[in-house]
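Assemble the complex: chain A is given as a structure, and chain B must be docked to it using the hints.
Protein chains: 2
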Amino acid sequence: MMSGFSFEVLAQDAGTAARRGEFRTPHGNVSTPAFMPVGTQGSVKGVTPAQLAATRAQMILGNTYHLALRPGAEVVRNLGGLHGFMDWDGPILTDSGGFQIFSLRDRMSLTEEAATFRSHIDGSLVTISPEEAVRLQEALGSDVAMVLDHVVQLPNTQEKIREAMERSIRWARRCQHAATRDDQALFAIVQGGLDRDLRQFCAAELVALDFPGYAIGGLSVGEPPEAMYEVLDYTVPELPEAAPRYLMGVGRPLDLLEGIRRGVDLFDCVMPTRNGRNGMAFTTRGPVRVRNAKHREETRPLDETCPCEACRHSLGYLRHLFQAEEMLGPTLLSIHNLTYYQRLLAETRAAIEAGQLTAFIEQIVAGWEAGNDDRQQDSLQE
Amino acid sequence: MMSGFSFEVLAQDAGTAARRGEFRTPHGNVSTPAFMPVGTQGSVKGVTPAQLAATRAQMILGNTYHLALRPGAEVVRNLGGLHGFMDWDGPILTDSGGFQIFSLRDRMSLTEEAATFRSHIDGSLVTISPEEAVRLQEALGSDVAMVLDHVVQLPNTQEKIREAMERSIRWARRCQHAATRDDQALFAIVQGGLDRDLRQFCAAELVALDFPGYAIGGLSVGEPPEAMYEVLDYTVPELPEAAPRYLMGVGRPLDLLEGIRRGVDLFDCVMPTRNGRNGMAFTTRGPVRVRNAKHREETRPLDETCPCEACRHSLGYLRHLFQAEEMLGPTLLSIHNLTYYQRLLAETRAAIEAGQLTAFIEQIVAGWEAGNDDRQQDSLQE
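Chains A and B, in that order, give the protein sequences.
Note that my numbering has the first sequence beginning at 1, numbered continuously upward.
Note that my numbering has the second sequence beginning at 1001, numbered continuously upward.
Looking at chain A on its own, in the form it has when it is part of the complex (with noise of 0.2 Å):
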């Protein structure tokens, strides 16, 4: 049913289960493994469309549960679809809501139907099933849809870990059954907590049922970096070589760096704008805090060899934007914390042709290691 889509791995790593590959979609193609910079409510805070194709992002994230709320998905469609309203022509991915079930657990009632619960706009009561959620997406009309997943709290017992991804599959094969875009691709999402046979029997399950892409979701809800690489490591293989992988959420750049080398292709995360809007900026030597005093009279960039516009800026300059609470302080640092990103993965992408990644992420975390005193302060705070 599905068309104008294709995923094709045109180079394998030599050390590590990496691989560099080009996905295809309606409205472009993108070189993964890719970083998708999220906008939550139809726009990526505090950029405009130009500011975030400059940025070199190829394709973005937007959360249906949002857009459903408001403006609503019928809004949406009636202003040109997400791509029209938003005014990006490149390729979208849309979530589905499953997320928000997690992170509204305390104020949602679950049912193997839908899921119900208030909206935090007007108190209204939201039900989204699996039927819905598709069909939201189908108005919104990304590229790319998500299924309906059950995402639990972590850690959870092993009873309500497998309840949920039990019923992650039921919801997936529903989600499948009631899509009808042929433009528009369908991804399934393997839960199973921290637990190898969950997660392996849950990818099974979901393979069988052929999807043009499979998430791996239910993680960066609080477990250590270290939990959710093991889960890579006995997921990823279950996922078959010729579709696109990715690892809904996440993360850090570290966190990047090792699903790429486990074989995840697709990333989205807000924390480079987040980040940026509270004066935290990514650099090739780690994080820097533009808030400190030490950056008062700093004459060069937060970064020499960054392109971007704030970068143009000197540190001294960036520091006095947030003294001074001026929005231009988190629109540049987000811009720039964007393009590190961005920079970072075409980067990547390179190491892999040259079957070197393994080396070039030793260098990467040996510059953020190197001499920024602002490191052992973050690693406390992220």
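I should point out that these hints are in silico values taken from the structure, not numbers from a laboratory.
Within a straight-line C-alpha distance of at most 27 Å, the following computed DSSO-like cross-link-like pairs (lysine-lysine) qualify:
#, chain 1, residue 1, chain 2, residue 2
1, B, 1045, A, 294
2, A, 45, B, 1045
3, B, 1294, A, 45
Keep in mind the model is a prediction, meaning the values are calculated, not measured.
Okay, now just chain B, sitting in the frame of chain A:
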């Protein structure tokens, strides 16, 4: 002493005192009449230098008082002067702090020597004398500096207005003696409230001191627009034909047109950015309240004739950004309003060259008045 500056009247309107001029500065030329966006704290709120340039702004304004308190004039100097600090290569004018003497009148003590007030940032005592105002502006490195003037609230007693006006003349002379940079032009400021004799006396005294430019200050402090126009009627003719005339802190689009009609060349105001942040857009059909529910599914842009980034989007999308409290809403509307002002001024310059300013103003005002539902509400609220 001053080099790199000149002002030339290129054309005169047929039926009004309006003139079309060229003001040359060390950082480039300004076609007048011109509108200067305000970058109070080293940033025109919400927009990057590239976005600001795209609005066709020629010259911008910085606030000496704000920059002197934070980050400090010496810090700005060390970070490249105001041009390097902001990454703005075009001409910059700085005010002197006189208007803040007015704004802070309840927390300020004033002697013949200087004004002293408490910093709104850290409560420290700050003294601004005429000499200090010049020193600060020389450290900032603006192209045009303003003399320190004594602005009083209106209405006020004739005695207080005269006293402040006479002090403004003495302070202007002290500023002139203190100025040392030959790449910075110092403009005088005519005071005198709404009193014809005081205004004309002040103008004559300042003209005798031979400044390269003259501002009309102490207006837009709460008096009716008609009172301001009357001051221009009898003050502008006292100023030399061969020097630029600057109406400080003004104003609404109509105020600009009425000022230009009376021979004013330069304007500055926070209105395009402040109103933009608050969801009010200037358009050829009058003001538009973007948050208005009637715009919810509006597929047309704010202004179909506008080339700005905001007008690539539907009005429905802009409304959504404001409803969702996305930063992009204020940014896009600031860009739109700044673009509106620059387009209005460019058209006004063309109308003066054609000797048709009166007809042009009538046509613009008719456009505002024709069929805009938001207009009545705005005339009450602005």
